[in-house]
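Peer 1: Chain by chain, the residues run as shown.
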Amino acid sequence: MKRLKRKWAKMPIVLAALPVLVVIFASALTTFNHMEYTFEQKRWVLHTQEVLLVLAELESAVKDAETGQRGYLLTRQKAYLAPYFGAQKRVDNDLCQLESLVSDNPVQNQRMQDLRASIKARMALIKQTLDLQEQGKNEAALALVLTGQGRSHMERLAVILSEMEKEERSLLQFRTASLDKATQDAYLRFLILGTLTLLGFGIAGIIINRSQQAEARERRGQEIIHKVSQILVSPISIEDAIKQSLKVLCEEIGWTAASFWQPAEEEAVLSLVAFYAVRELPEFEAASRMFKFVKGQGLPGAVWEKKHSVWIENVQQSTNFPRAIMARQEGLFGAFAFPVNLGDEFIGVFELFASQEIKEDPSVIRLFEIVSTDIAQLILRRSMENQLAEAKSMLDSVLEDMGSGVIVADLSAKFLVFNPAAERIFGGAPSGKSKEDWVAEWEIYRDEGQTLCKREELPLHRALHGEKLDDLILLCRNAETPDGVWVSVNASPLRNKNLEIVGGIIVIEDISARKEAEQRVSEFYSTVSHELRTPLTSIRGALGLMEGGKAGELSARAQRLVEMGRKESERLIRLINDILDIRKIEAGKVELVLELHDSHALIMQAIDSLNSFASEREVTLKAELCSYDKAIKLDRDRFIQIVTNLISNAVKFAPPGSAVEIKSEQLPDAMLFSVIDHGEGISKADQRKLFKLFQQVDSSDNRQKEGTGLGLAICKALVEQHGGSIGVESERGQGARFWFKLPVEEEYVKLDHSSTPASSRLAHGQTVLLVEDDPSITELIKMSLLDEGFSVESVKALSEARLALERNSRIMAVVLDIGLPDGNGLELIDSLTASGRTIPVVVITAQQSQSAYSNPLLIDWIRKPLEEDRLLRAVQLCVQKRSPGPARVLIVEDDESTREVIMQELASLKIEILIAGTGEEAISKSREMNPDLIVLDLGLPGLDGFGVVTVLRHDAALKNTPLIVYTARDLNEEDKRNLSLGLTSYLTKSRTSESEFLVNVRNLLNGLLSGAN
Amino acid sequence: MSPKLLVVDDDKSIREVVEISLEDDWNIVTASSGAEALEKAGPEKPDLILLDRMMPGMDGVETLKHLRENPETMNIPVIFLTAKVQSQEIAAYGSLDVLGVLSKPFDPMTLSDEIAALLKKTNNEKA
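Sequences listed follow chains A and B, in order. Residue numbering for the first sequence follows our numbering, starting at 1 and increasing by one per position. Residue numbering for the second sequence follows our numbering, starting at 1 and increasing by one per position.
Since the hints were made in silico from the structure, they are not lab data. Mixed in with the good hints there might be a few duds.
Below, in silico cross-link-like pairs of lysine to any residue (SDA-like), each with a Cα-Cα straight-line distance of 20 Å or less [what the hints assert, rightly or not]:
hint	chain 1	residue 1	chain 2	residue 2
1	A	Lys741	A	Glu905
2	B	Lys121	A	Lys550
3	A	Lys567	B	Phe106
4	A	Lys689	A	Gly709
5	A	Lys989	B	Ser13
6	B	Lys65	A	Leu971
7	B	Lys121	A	Ala846
8	A	Lys247	A	Ile207
9	A	Lys689	A	Ser725
10	A	Lys166	A	Lys247
11	A	Lys692	A	Cys626
12	B	Lys120	A	Arg977
13	A	Lys550	B	Met74
14	B	Lys12	A	Ile539
15	A	Lys515	A	Thr481
16	A	Lys567	B	Asp107
17	A	Lys63	A	Lys42
18	A	Lys550	B	Asp24
19	A	Lys127	A	Pro83
20	A	Lys741	A	Lys864
21	B	Lys12	A	Arg977
22	A	Lys550	B	Lys65
23	B	Lys12	A	Thr527
24	A	Lys567	B	Met109
25	A	Lys454	A	Leu971
26	A	Lys359	A	Ile347
27	A	Lys864	A	Cys626
28	A	Lys689	A	Cys626
29	A	Lys567	B	Gly100
30	A	Lys550	B	Phe106
31	A	Lys663	A	Val593
32	A	Lys42	A	Lys247
33	A	Lys550	B	Asp107
34	A	Lys989	B	Gly100
35	B	Lys120	A	Glu996
36	A	Lys989	B	Asp107
37	A	Lys663	A	Gly709
Source: prediction; values computed, not measured.
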């Protein structure tokens, strides 16, 4: 059975080893001390024995000396003296040795003195005897021996030696006894120490063994988790992965069978997902597959309910184990089950079965607590990956099969998705080229098919900058596809969950076929219209001639019939025009040129053009226009068409002597325009039909009113194309109110600031006199000027204006309408000049062209409908230059006669003209004089026009100078790019009328001057 | 001697109507195609050309281009006659060297006056 110990379980080993080590160390220390003592005793015993030895040696040496003496005396041969000489040396040595040995013992020391004395005496006597013998005095020597002096010496010596020996022996006896005892003690201590050490090692061994086992168990646990994780992350189905995990669990911990249960979707029961057994368990497996457990029922159900592991020692005797019979049949006993949870989410139950009874083992439970969390995470991750993979493969197949091209790119414009349809549209990248590079090679043109899109216009660029595009029509062209592919593009940014842009999605439709069909239809209509109109032109012409008497005098009857024919042919032409118009609108072929316009000025224009038509019918047109501060983007001509249509309709149905009212009203998000007549009104039923094709309220009216029945349908289509709505309110006998609403853009004021960067600081408090009799236009101009920071004094007539100029000396500029009730506005300028007052004037007029009138005070001549920007620029110019000096225009032209013509043309403008005949001269004159405008010919001797522009572009002071490129050449887009300086116009010599040229010069001068503050 | 007018239109009836409309004030020469107009413009030296915009083969714009390339005809004023009268189309003529554009169908009784007005306007501008 494997157990798992936690890492910190090694602590007890250390704790257990510590006291053992302390005991061993302490006993070793005392034993060591005792050994010291024992050795001491042993040293003393040896010492004593040595002393005894030296004593014996000393005695023998003295005896040797005597023996040598005796031999010499008897034989007189010197050879017998050898023992004597040897003894002589030894005696000295032995005495010294003995002296040092007994120096610690005072008793022996005393004896030592005696011993030394008696040995010296004895040795001296022997020497004396030997000396006598040598001198030949044999007898004297013998006599000396015979005195017995020598023997008494020897006896004395023997006594001392024996005393000393006796002393040493008694010491030896005592010390031997001590040594014996110490030795015995040492043995005992060694025995105890040995036992303790053995015991300590034993305990340590056991502890280490245990901890190693725990570690091994932990490793096993980790291995199981590792193996299970490897299975779960391997690319096999989740069921197989679980089955293999069960196998690992069984085999690794030695159990017989394992199963995994999961709650069935939508059902509150657990059912078997996977089963594994190391041996055949057919009955038990079949039963497990069949059983479904509710919460609390059976082992899996119990685990599900309790939310923790459950242990059964013997399932055969368990009361809550429905599979007990099969377990008995196939010999299963112990069982253990644990839940797999992820946080609060219950994922399933693992069951394990053993072939014997097994006591509850906490370590197994703990192991599975860890394993189960890991398994839960892995199962969840796997099932999420599976779902993701499924979703992805579904998405892939959708992308694969869909007809639209789909491109998904990241922020660096790298393609993440580029589906087959997209490849079809772009013809597929050649090998060795990335799709990004391939697509970048395509030239993308705007929907008119002419202008190359700038980088920031491209759909992906716009999507990556957060823009959403819907049905943007583009023409894509490359070297292999010269005709190009027409595409409709939808684009939107791709955002992550924090709503940050992480890429862009582009959906492309190939609409080349549609475009081609449209083209053909359009050509067809164009041809038909031409073919229909040509004969009608003749018919109308012929009838007109007859009616006009060109074919001779007609009878009254013939005259009437011819007139009828002429009118009907005209009606037919209108009808054709209307049909073509409505078809174009409905086909989306009418592309609105949406720009900010003063809608009121346009309404006034429409009213002007209808005034005579209305007065013919004795109907008056009354405008009641509100003031407004929000701008409408509209197509100028189409707006006039709508208003004209509604007003002329109203006039047709208005009774003579009545008025048709034209009103405007600003709503929060729209401008509301109404045209009100006081005719018979329209019934509810007719109102519904009104905006449909070929509808007129009363068909009997048709001829009388000369309508085509298409006018309102066209109005409806146009209004809707503007994003607005149209309707009618009427009751029989009460007249009718036709209205339409157009959405408003941002605040008008805001727009003005963005479009006229000129500083408004300059304008503060400066007074402008506004002379205008139309209240709505007055209101509009006043508002614009006030917004720019001017003070405005407004008057309605020339006389009032003169009065105001006399009274108010602070007036810095005059905005002047010419058509005033009490005279021509130009008179005012003349009288200003006459009085010597230099107040600059801006003329606003409905007159189509500027008359020959010129005056240095006249800053600009602006036609109605007013371009507000231009008006503001002109007024700002007035204020900045109270006495406007002449603007400087540099004419760069090598041909003298052309130069002459240009100068003639510019003569009316009262400007200073500078001339340059070569490119080099143009550059030096520009630097010297800093002209306000350059008129540039391209073909010049030396440096040509392109060269001049290139040089000027690099001159900080000149790079924004307005430029008119005035050339005989046709310029392509690239030429134009290369030739742009500040504001630049491109005029072709033969095709530009004088007035067109002048308008350009005037515009560019204005643009410059207002910008240069 | 009234001034000479070259009327260029592929439609015979229209040529005829124009002719009758203008015969009191103009000495009329006609051409039924752009090519014929180019042929006649040189030798005839008309004072004005009335040019149909839409013609098979060489259309009005192309004919005008050729007229302007030829030194003999480059200064003859031209008025376009066209069935296309929509504002955008008229704007497109702005860049062409023509006195003006008259729309079809025209009123034969006022055609002469309209032409005279265009000529007068141009003369005024030049003056």
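Peer 1: For each hint, tell me whether it holds in the structure or not.
Peer 2: Structure-based check of all given hints:
1. As the CA atoms of lysine 741(A) and glutamate 905(A) are separated by approximately 45 Å, the hinted pair breaks the 20 Å bound.
2. Between lysine 121(B) and lysine 550(A) the alpha-carbon distance is near 28 Å, which puts this suggested pair outside the 20 Å criterion.
3. At roughly 13 Å between alpha-carbon atoms, lysine 567(A) and phenylalanine 106(B) fall within 20 Å of each other, so this suggested pair holds.
4. Between the alpha carbons of lysine 689(A) and glycine 709(A) the distance comes to roughly 11 Å, so the proposed pair stays at or under 20 Å and holds.
5. For the given pair, lysine 989(A) sits about 37 Å from serine 13(B) by alpha-carbon distance, which is inconsistent with the 20 Å threshold.
6. For a cut-off of 20 Å, the pair hint linking lysine 65(B) to leucine 971(A) stands: about 17 Å separates their Cα positions.
7. As the CA atoms of lysine 121(B) and alanine 846(A) are separated by approximately 18 Å, the hinted pair is consistent with the 20 Å bound.
8. Simply put, lysine 247(A) and isoleucine 207(A) have alpha-carbon atoms about 34 Å apart, too far for the 20 Å limit, and the pair is violated.
9. Among the hinted pairs, lysine 689(A) with serine 725(A) is consistent with the structure: their alpha-carbon atoms are about 16 Å apart, no more than 20 Å.
10. Taken as a hint, the lysine 166(A) and lysine 247(A) pair is broken in the structure, with Cα atoms around 93 Å apart against an allowance of 20 Å.
11. Between lysine 692(A) and cysteine 626(A) the CA atoms are separated by roughly 31 Å; this puts the pair beyond 20 Å, and the hint is violated.
12. With a CA separation close to 39 Å, the supplied pair lysine 120(B) and arginine 977(A) exceeds the 20 Å bound.
13. For a cut-off of 20 Å, the pair hint linking lysine 550(A) to methionine 74(B) is broken: about 34 Å separates their Cα positions.
14. With a CA separation close to 12 Å, the supplied pair lysine 12(B) and isoleucine 539(A) stays within the 20 Å bound.
15. Using a Cα cut-off of 20 Å, the hinted pair lysine 515(A) and threonine 481(A) holds, with the two alpha carbons roughly 16 Å apart.
16. Between lysine 567(A) and aspartate 107(B) the alpha-carbon distance is near 11 Å, which keeps this suggested pair within the 20 Å criterion.
17. Taking the CA atoms of lysine 63(A) and lysine 42(A), the gap is near 32 Å; set against the 20 Å cutoff, the hint is violated.
18. For a cut-off of 20 Å, the pair hint linking lysine 550(A) to aspartate 24(B) stands: about 10 Å separates their Cα positions.
19. Between the alpha carbons of lysine 127(A) and proline 83(A) the distance comes to roughly 13 Å, so the proposed pair stays at or under 20 Å and holds.
20. Distance hint between lysine 741(A) and lysine 864(A) is unfulfilled; the C-alpha atoms sit about 23 Å from each other, more than 20 Å.
21. A threshold of 20 Å between alpha carbons decides the hint, and for lysine 12(B) with arginine 977(A) the separation of about 47 Å lies outside it, so the pair is violated.
22. For a cut-off of 20 Å, the pair hint linking lysine 550(A) to lysine 65(B) is broken: about 35 Å separates their Cα positions.
23. In summary, the hint linking lysine 12(B) to threonine 527(A) is supported, as the alpha carbons are separated by about 18 Å, within the 20 Å threshold.
24. Simply put, lysine 567(A) and methionine 109(B) have alpha-carbon atoms about 14 Å apart, close enough for the 20 Å limit, and the pair holds.
25. Distance check on the hinted pair: lysine 454(A) and leucine 971(A) sit about 19 Å apart at the alpha-carbon level, within 20 Å; holds.
26. Note on lysine 359(A) and isoleucine 347(A): the hinted pairing is violated, with a Cα-Cα distance of about 27 Å set against a maximum of 20 Å.
27. The hinted pair formed by lysine 864(A) and cysteine 626(A) meets the criterion: a straight-line CA distance of about 18 Å does not exceed 20 Å.
28. For the hint pairing lysine 689(A) with cysteine 626(A), the CA-to-CA distance comes to about 31 Å; that exceeds 20 Å, so the pair is violated.
29. A hinted pair counts as satisfied when its Cα atoms are at most 20 Å apart, and lysine 567(A) with glycine 100(B) does not qualify at roughly 26 Å.
30. For the hint linking lysine 550(A) to phenylalanine 106(B), the alpha-carbon distance of about 15 Å falls within 20 Å, and the restraint holds.
31. Restraint check for lysine 663(A) and valine 593(A): not satisfied, since their Cα atoms lie roughly 24 Å apart, outside the 20 Å limit.
32. Using a Cα cut-off of 20 Å, the hinted pair lysine 42(A) and lysine 247(A) is violated, with the two alpha carbons roughly 74 Å apart.
33. With a C-alpha separation of about 13 Å, the suggested pairing of lysine 550(A) with aspartate 107(B) holds against the 20 Å cut-off.
34. Note on lysine 989(A) and glycine 100(B): the hinted pairing holds, with a Cα-Cα distance of about 18 Å set against a maximum of 20 Å.
35. Using a Cα cut-off of 20 Å, the hinted pair lysine 120(B) and glutamate 996(A) holds, with the two alpha carbons roughly 18 Å apart.
36. Our distance criterion of 20 Å between C-alpha atoms is broken by lysine 989(A) and aspartate 107(B), whose separation comes to about 34 Å.
37. With a C-alpha separation of about 24 Å, the suggested pairing of lysine 663(A) with glycine 709(A) is violated against the 20 Å cut-off.
Checked against the numbered hints above, the structure breaks hints 1, 2, 5, 8, 10, 11, 12, 13, 17, 20, 21, 22, 26, 28, 29, 31, 32, 36, 37 and satisfies the rest.
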